[in-house]
Amino acid sequence: MNKDYSDLIEIQRSFLKKIEDLLLKVAGKHYKKFPTSHSLIEYIQKQLTNDNFSKQFNSNISLIYSELHTFYGSVAANWFGLAKKIGGLKLVFGGISRFSDSFLQNVKNDLLFSDTIYLADPVLPWIESPRKEEYFREVHLLKNMYFVLQLKEIVDADLPYPPVIIFPSFEKSLEENDIETQEKIHQLLTSFFSFYLGEKFDSAEDTLIYAKRKSDLFLEKVENKKLFWPPQAKEITTVDNGLNKYKEYIQNNRSVKERYLAATISSAELVWQGIFERIIPHFHVWENSIEFNANPTFSNAAHWHYHNLLSNTNNRIMTVSQKTLTLCQSINSFRLNWFNNISEEDIILLRKNNENEKFRKDLYKQLEILDDLSLKDIDKVTNEVSRVISGLLSNYNKEIEEIKDKYQLKYKQLLSVSIVSSAAQLIPLLQPFTGLIPPIVTALKYTNDKLEERNLIKNQKKSLMGIFFRAMG
Numbered sequence: 001m002n003k004d005y006s007d008l009i010e011i012q013r014s015f016l017k018k019i020e021d022l023l024l025k026v027a028g029k030h031y032k033k034f035p036t037s038h039s040l041i042e043y044i045q046k047q048l049t050n051d052n053f054s055k056q057f058n059s060n061i062s063l064i065y066s067e068l069h070t071f072y073g074s075v076a077a078n079w080f081g082l083a084k085k086i087g088g089l090k091l092v093f094g095g096i097s098r099f100s101d102s103f104l105q106n107v108k109n110d111l112l113f114s115d116t117i118y119l120a121d122p123v124l125p126w127i128e129s130p131r132k133e134e135y136f137r138e139v140h141l142l143k144n145m146y147f148v149l150q151l152k153e154i155v156d157a158d159l160p161y162p163p164v165i166i167f168p169s170f171e172k173s174l175e176e177n178d179i180e181t182q183e184k185i186h187q188l189l190t191s192f193f194s195f196y197l198g199e200k201f202d203s204a205e206d207t208l209i210y211a212k213r214k215s216d217l218f219l220e221k222v223e224n225k226k227l228f229w230p231p232q233a234k235e236i237t238t239v240d241n242g243l244n245k246y247k248e249y250i251q252n253n254r255s256v257k258e259r260y261l262a263a264t265i266s267s268a269e270l271v272w273q274g275i276f277e278r279i280i281p282h283f284h285v286w287e288n289s290i291e292f293n294a295n296p297t298f299s300n301a302a303h304w305h306y307h308n309l310l311s312n313t314n315n316r317i318m319t320v321s322q323k324t325l326t327l328c329q330s331i332n333s334f335r336l337n338w339f340n341n342i343s344e345e346d347i348i349l350l351r352k353n354n355e356n357e358k359f360r361k362d363l364y365k366q367l368e369i370l371d372d373l374s375l376k377d378i379d380k381v382t383n384e385v386s387r388v389i390s391g392l393l394s395n396y397n398k399e400i401e402e403i404k405d406k407y408q409l410k411y412k413q414l415l416s417v418s419i420v421s422s423a424a425q426l427i428p429l430l431q432p433f434t435g436l437i438p439p440i441v442t443a444l445k446y447t448n449d450k451l452e453e454r455n456l457i458k459n460q461k462k463s464l465m466g467i468f469f470r471a472m473g
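Its first residue numbered 1, the sequence shown is counted upward by one per residue in UniProt numbering.
Keep in mind the hints are simulated off the structure, nothing from the lab.
Hints should not be assumed to be uniformly reliable.
[As the list claims (entries may be wrong)] Label pairs and their computed distance ranges (CB to CB):
(1) Asp156 with Pro130: 50 to 56 Å
(2) Asn50 with Ser215: 47 to 53 Å
(3) Asp158 with Thr237: 44 to 50 Å
(4) Pro130 with Lys29: 44 to 50 Å
(5) Asp379 with Ser54: 17 to 23 Å
(6) Asp202 with Lys29: 51 to 57 Å
(7) Lys214 with Pro35: 47 to 53 Å
(8) Ser54 with Asp202: 49 to 55 Å
(9) Ala263 with Thr70: 16 to 22 Å
(10) Leu261 with Ser6: 22 to 28 Å
(11) Lys29 with Ser390: 41 to 47 Å
(12) Thr237 with Glu176: 28 to 34 Å
(13) Lys17 with Leu336: 29 to 35 Å
(14) Asp202 with Glu10: 44 to 50 Å
[As the list claims (entries may be wrong)] DSSO-like cross-link-like pairs, simulated, lysine-lysine; straight-line CA separation at most 27 Å:
(15) Lys3 with Lys25
(16) Lys3 with Lys32
(17) Lys200 with Lys221
(18) Lys225 with Lys200
(19) Lys226 with Lys25
(20) Lys358 with Lys234
(21) Lys184 with Lys214
(22) Lys17 with Lys3
(23) Lys257 with Lys132
(24) Lys84 with Lys234
(25) Lys33 with Lys46
(26) Lys84 with Lys184
(27) Lys46 with Lys85
(28) Lys257 with Lys323
(29) Lys172 with Lys85
(30) Lys18 with Lys33
(31) Lys3 with Lys29
(32) Lys365 with Lys380
(33) Lys323 with Lys226
(34) Lys152 with Lys33
(35) Lys361 with Lys85
(36) Lys358 with Lys152
(37) Lys84 with Lys257
(38) Lys152 with Lys32
(39) Lys352 with Lys323
(40) Lys132 with Lys84
All residues carry an ideal CB built from backbone N, CA and C; glycine is no exception.
Could you put the whole structure together from the sequences, leaning on the hints where they help?
What follows is the structure in structure tokens.
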């Protein structure tokens with residue numbers, strides 16, 4: 001492993017160790033004692049009824065902010081720079097400010113075929129900015145600390161190159177303080193609305209003025225073009241339904257000031273705000289895609305929807321493979337949800353054996369039969385992925401049976417020799433025609449062959465297809 005890789009891995013490991021230690025101080029229990037982030041928060045809330053725990057909790061929360069501020073200040077620049085030196089097929093996730101179980105599962109699934117996955121550090125956004133618009137800042141901070149630790153075993157594993165890179169992106173600081181970032185985000189919003197509303201806007205402010213003055217027309221175009229997908233909604237419906245979900249989300253998650261604002265502005269302004277909030281993360285993932293020369297990828301349908309919408313309006317140069325983009329969506333489709341049964345230990349094992357690269361080659365070879373239009377069809381790509389896996393599993397079963405057949409033949413031959421040898425001892429006339437094999441030699445030979453057979457089958461079960469076979473049940 002080269003020095004850049006080892007330095008990067010060391011920074012990541014020290015970061016996760018610090019997160020682990022700080023979370024232990026806050027909760028008083030190791031994160032592995034909690035099956036979910038919800039159970040962690042629930043436990044802390046119950047303990048806060050104790051005065052001593054409450055005082056210690058407040059002190060430890062302050063400690064998290066101060067220690068992580070110091071940590072980021074000392075390593076962030078080098079951390080980001082080292083992350084840019086990784087080669088191979090790389091994916092960078094976007095659209096995430098809150099980790100979840102489904103997001104983590106997407107990451108693990110993509111590790112089956114990619115070389116390296118980039119994740120913007122989910123803890124940093126809750127450290128770098130006061131996040132006054134959020135109602136439960138500390139809850140989100142602790143949840144994200146818990147979730148990022150779910151990747152600790154993979155990061156700590158002794159692998160030839162880092163499969164996961166958690167990097168500091170400072171997105172909130174850039175949004176709030178960097179003029180160039182603000183201008184680029186506004187340009188992206190302006191081009192988005194110009195394209196989909198069929199108008200020529202000169203600035204982001206013009207798009208908001210349009211929403212205010214022509215609210216009915218604005219909402220009609222938004223609904224027709226499917227531009228508004230509120231947070232936590234499973235799909236796009238009507239604008240009215242979307243507004244209700246968005247207001248509910250704001251009521252449950254935002255500050256008093258944000259809730260008041262949502263209740264006083266017009267429906268068109270609120271929809272405009274919701275779309276703006278969706279676009280901002282995509283600006284950052286596209287920037288990171290260029291920085292790391294990586295394919296952008298996302299963890300849910302809403303993020304993919306906005307990526308596709310924005311791709312139509314944006315002509316910035318990115319290294320994007322349509323084949324890889326569609327493969328990411330296919331690998332995480334409900335039809336392949338048995339991937340969820342693959343353990344972290346198995347992921348580490350297949351990465352040690354470089355099985356991810358072999359699997360990717362098989363997938364890409366099969367996808368070569370699809371034209372450009374078909375590559376954008378998730379169902380068609382998923383069909384081809386399923387076909388590849390079925391073929392590889394068939395070969396796996398065939399190899400297992402061939403091993404068993406080979407050793408069954410050996411056992412039969414050994415048994416025949418043993419019978420003849422035993423008969424020779426009883427019938428003196430046969431002794432000149434057969435070598436005398438003592439029973440102990442036969443037993444040792446059988447034992448060695450059996451161990452050899454078991455080791456071969458055991459190694460097959462450690463292969464990618466062996467892991468898939470177990471995951472499918």
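Results for each hint:
1. As the Cβ distance of aspartate 156 to proline 130 is approximately 32 Å, the hint placing it in 50 to 56 Å is violated.
2. A C-beta distance of roughly 52 Å is found between asparagine 50 and serine 215, which places it inside the suggested range of 47 to 53 Å.
3. As the Cβ distance of aspartate 158 to threonine 237 is approximately 49 Å, the hint placing it in 44 to 50 Å holds.
4. About 28 Å separates the C-beta atoms of proline 130 and lysine 29, a value inconsistent with the hinted range of 44 to 50 Å.
5. For aspartate 379 and serine 54, the hinted distance range of 17 to 23 Å is not satisfied, since their beta carbons lie about 53 Å from each other.
6. Between aspartate 202 and lysine 29 the beta carbon distance is about 56 Å. The supplied range of 51 to 57 Å therefore holds.
7. A beta carbon spacing of about 51 Å between lysine 214 and proline 35 agrees with the range 47 to 53 Å that was offered as a hint.
8. Between serine 54 and aspartate 202, the C-beta spacing of about 53 Å keeps the proposed range 49 to 55 Å intact.
9. Restraint check, alanine 263 to threonine 70: a C-beta distance of roughly 40 Å breaks the suggested window 16 to 22 Å.
10. The given range of 22 to 28 Å is broken by leucine 261 and serine 6, whose C-beta atoms sit roughly 49 Å from each other.
11. The hint said 41 to 47 Å for the Cβ distance between lysine 29 and serine 390, and at roughly 44 Å that hint holds.
12. Between threonine 237 and glutamate 176 the CB atoms are about 33 Å apart, so this pair conforms to the stated range of 28 to 34 Å.
13. Range check, lysine 17 to leucine 336: Cβ separation about 34 Å, and the 29 to 35 Å hint holds.
14. Checked against the hint of 44 to 50 Å, the C-beta distance between aspartate 202 and glutamate 10 comes to roughly 49 Å, which is consistent with it.
15. Distance hint between lysine 3 and lysine 25 is unfulfilled; the C-alpha atoms sit about 33 Å from each other, more than 27 Å.
16. Annotation: proposed proximity of lysine 3 to lysine 32 is violated, straight-line Cα distance about 31 Å (limit 27 Å).
17. Distance hint between lysine 200 and lysine 221 is fulfilled; the C-alpha atoms sit about 15 Å from each other, no more than 27 Å.
18. With a C-alpha separation of about 17 Å, the suggested pair lysine 225 and lysine 200 falls inside the 27 Å cut-off, and the hint holds.
19. A distance of roughly 46 Å separates the Cα atoms of lysine 226 and lysine 25; the hinted pair therefore is violated under the 27 Å criterion.
20. A C-alpha spacing of about 34 Å is found between lysine 358 and lysine 234, which places the hinted pair above 27 Å, so the restraint is violated.
21. As the CA atoms of lysine 184 and lysine 214 are separated by approximately 25 Å, the hinted pair is consistent with the 27 Å bound.
22. For the suggested pair lysine 17 and lysine 3, the alpha carbons sit about 21 Å apart, so the restraint of at most 27 Å is met.
23. Distance restraint check for lysine 257 and lysine 132: the Cα-Cα separation of roughly 9 Å lies within the 27 Å cut-off, and the hinted pair is therefore satisfied.
24. For the hint linking lysine 84 to lysine 234, the alpha-carbon distance of about 34 Å lies beyond 27 Å, and the restraint is violated.
25. Between lysine 33 and lysine 46, the direct Cα distance comes to roughly 16 Å. Compliance with the 27 Å bound is thereby established for this hinted pair.
26. Annotation: proposed proximity of lysine 84 to lysine 184 holds, straight-line Cα distance about 22 Å (limit 27 Å).
27. Restraint check: the Cα-Cα separation between lysine 46 and lysine 85 comes to about 45 Å, which exceeds 27 Å; the hinted pair is violated.
28. Annotation: proposed proximity of lysine 257 to lysine 323 is violated, straight-line Cα distance about 44 Å (limit 27 Å).
29. Note on lysine 172 and lysine 85: the hinted pairing holds, with a Cα-Cα distance of about 24 Å set against a maximum of 27 Å.
30. For the hint pairing lysine 18 with lysine 33, the CA-to-CA distance comes to about 18 Å; that is within 27 Å, so the pair holds.
31. Distance check on the hinted pair: lysine 3 and lysine 29 sit about 35 Å apart at the alpha-carbon level, beyond 27 Å; violated.
32. With a CA separation close to 15 Å, the supplied pair lysine 365 and lysine 380 stays within the 27 Å bound.
33. As the CA atoms of lysine 323 and lysine 226 are separated by approximately 25 Å, the hinted pair is consistent with the 27 Å bound.
34. Distance restraint check for lysine 152 and lysine 33: the Cα-Cα separation of roughly 15 Å lies within the 27 Å cut-off, and the hinted pair is therefore satisfied.
35. The hinted pair formed by lysine 361 and lysine 85 meets the criterion: a straight-line CA distance of about 23 Å does not exceed 27 Å.
36. This hinted pair checks out: lysine 358 and lysine 152 have alpha carbons roughly 25 Å apart, not beyond 27 Å.
37. Taken as a hint, the lysine 84 and lysine 257 pair is broken in the structure, with Cα atoms around 39 Å apart against an allowance of 27 Å.
38. The straight-line distance between the Cα atoms of lysine 152 and lysine 32 is roughly 11 Å, inside the 27 Å bound, and the hint therefore holds.
39. Between lysine 352 and lysine 323, the direct Cα distance comes to roughly 25 Å. Compliance with the 27 Å bound is thereby established for this hinted pair.
40. A threshold of 27 Å between alpha carbons decides the hint, and for lysine 132 with lysine 84 the separation of about 32 Å lies outside it, so the pair is violated.
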